[in-house]
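*Asks:* Work out the full structure, taking the sequences as your base and the hints as a guide.
Quick note: the sequence shown uses my numbering, first residue 1, plus one each step.
Source of the hints: derived by calculation from the structure; they are not laboratory data. In this text, all values refer to a predicted model and were calculated from it rather than measured experimentally. The beta carbon of each residue, even a glycine, is placed where N, CA and C say it ideally should be. Don't take each hint at face value.
Quick list of simulated restraints, FRET-style, between CB atoms [as the list claims (entries may be wrong)]:
no. : residue 1 : residue 2 : range
1   : 47        : 168       : 39 to 47 Å
2   : 202       : 118       : 25 to 33 Å
3   : 114       : 174       : 21 to 29 Å
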Amino acid sequence: MKYGITYSYWGKDWEGSDYPQKIERARKCGLDILEIFYGRILTMSDQEIAEINAAQKDNGIEVYALGGFGAKQDLSSLDETVRRGAVEEAKALLKAISRLNIHDFSGINYGQWCGLSDPENKARRFEQAARSLGEVGRFAADYDISWNMEVVNRFESYLVNTAQEARDLAEASGSKNINILLDIFHGMLEEDDLAQAVRIAGDRLGHYHVGSNNRKLPRPSFQPWNEIAAAMKEIGYNKSISIEPLVHTGGTVALSGGNVWREMLPKGWDDQMLDDMLKESLAFLKKTFD
Numbered sequence: 001m002k003y004g005i006t007y008s009y010w011g012k013d014w015e016g017s018d019y020p021q022k023i024e025r026a027r028k029c030g031l032d033i034l035e036i037f038y039g040r041i042l043t044m045s046d047q048e049i050a051e052i053n054a055a056q057k058d059n060g061i062e063v064y065a066l067g068g069f070g071a072k073q074d075l076s077s078l079d080e081t082v083r084r085g086a087v088e089e090a091k092a093l094l095k096a097i098s099r100l101n102i103h104d105f106s107g108i109n110y111g112q113w114c115g116l117s118d119p120e121n122k123a124r125r126f127e128q129a130a131r132s133l134g135e136v137g138r139f140a141a142d143y144d145i146s147w148n149m150e151v152v153n154r155f156e157s158y159l160v161n162t163a164q165e166a167r168d169l170a171e172a173s174g175s176k177n178i179n180i181l182l183d184i185f186h187g188m189l190e191e192d193d194l195a196q197a198v199r200i201a202g203d204r205l206g207h208y209h210v211g212s213n214n215r216k217l218p219r220p221s222f223q224p225w226n227e228i229a230a231a232m233k234e235i236g237y238n239k240s241i242s243i244e245p246l247v248h249t250g251g252t253v254a255l256s257g258g259n260v261w262r263e264m265l266p267k268g269w270d271d272q273m274l275d276d277m278l279k280e281s282l283a284f285l286k287k288t289f290d
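*Replies:* And the structure:
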């Protein structure tokens with residue numbers, strides 16, 4: 001199993017300009033993956049791309065991409081002009097992230113993140129998303145990229161709230177490159193059984209996000225870690241698990257989707273404490289999942 005961390009653990013924003021430094025920091029913490037938001041990748045200079053790729057090679061770290069789509073990128077839109085434009089933007093995104101040798105893109109990448117209008121047309125939007133994802137998946141195959149649809153809670157989307165809905169959409173796309181990202185936080189709100197959700201995702205499970213119930217670092221708790229690990233072994237899943245803590249107030253993470261309204265870190269925390277806590281959490285995950 002490969003283990004990763006999302007970039008925003010070390011800061012309050014989804015994105016930054018210090019990816020080579022964070023890649024090195026991920027290595028020093030014993031990780032295999034740094035997961036970054038896709039937005040800036042679309043306009044990165046050749047020099048920055050080269051610096052990030054060199055850092056990946058020097059540190060033995062892979063970069064994954066993640067993010068949520070807005071109205072303009074809504075692959076489920078009932079407006080055909082918008083849907084076609086969204087497909088073309090998705091193709092441009094795939095081409096852009098391939099410059100960083102990224103083979104894993106996850107997020108609310110099948111509809112609009114926090115776009116909760118028009119739920120009465122969920123079935124029609126499902127069909128539109130399937131059409132779009134079929135085309136996107138064929139393009140993703142050219143770049144060997146797994147397009148992982150994140151299963152999120154009802155407050156962020158109505159299109160895909162369970163592993164079963166994600167599996168149905170992945171299969172309806174007709175593409176093997178359209179897969180599933182399960183996230184334990186969202187699953188605790190929507191799934192009846194977190195281990196069964198893993199089994200339902202099955203061979204479509206492309207990535208897995210972990211954290212505590214309040215989005216701190218994963219740790220021993222009431223969460224059914226052992227049952228989830230057993231389900232992963234049952235389906236033969238050994239790809240990747242990324243830690244996605246949302247712990248900082250006042251930045252784009254807190255104010256643009258993460259909803260962090262109180263201090264989530266110990267008093268007096270510093271960079272060394274962040275890394276020490278991350279190493280401890282990683283040790284727990286390896287003991288549980290390896």
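*Asks:* If a hint holds in the structure, say so; if it doesn't, say that too.
*Replies:* Comparing the hints with the structure gives:
no.	hint	in the structure
1	47 with 168: 39 to 47 Å	43 Å, holds
2	202 with 118: 25 to 33 Å	30 Å, holds
3	114 with 174: 21 to 29 Å	28 Å, holds
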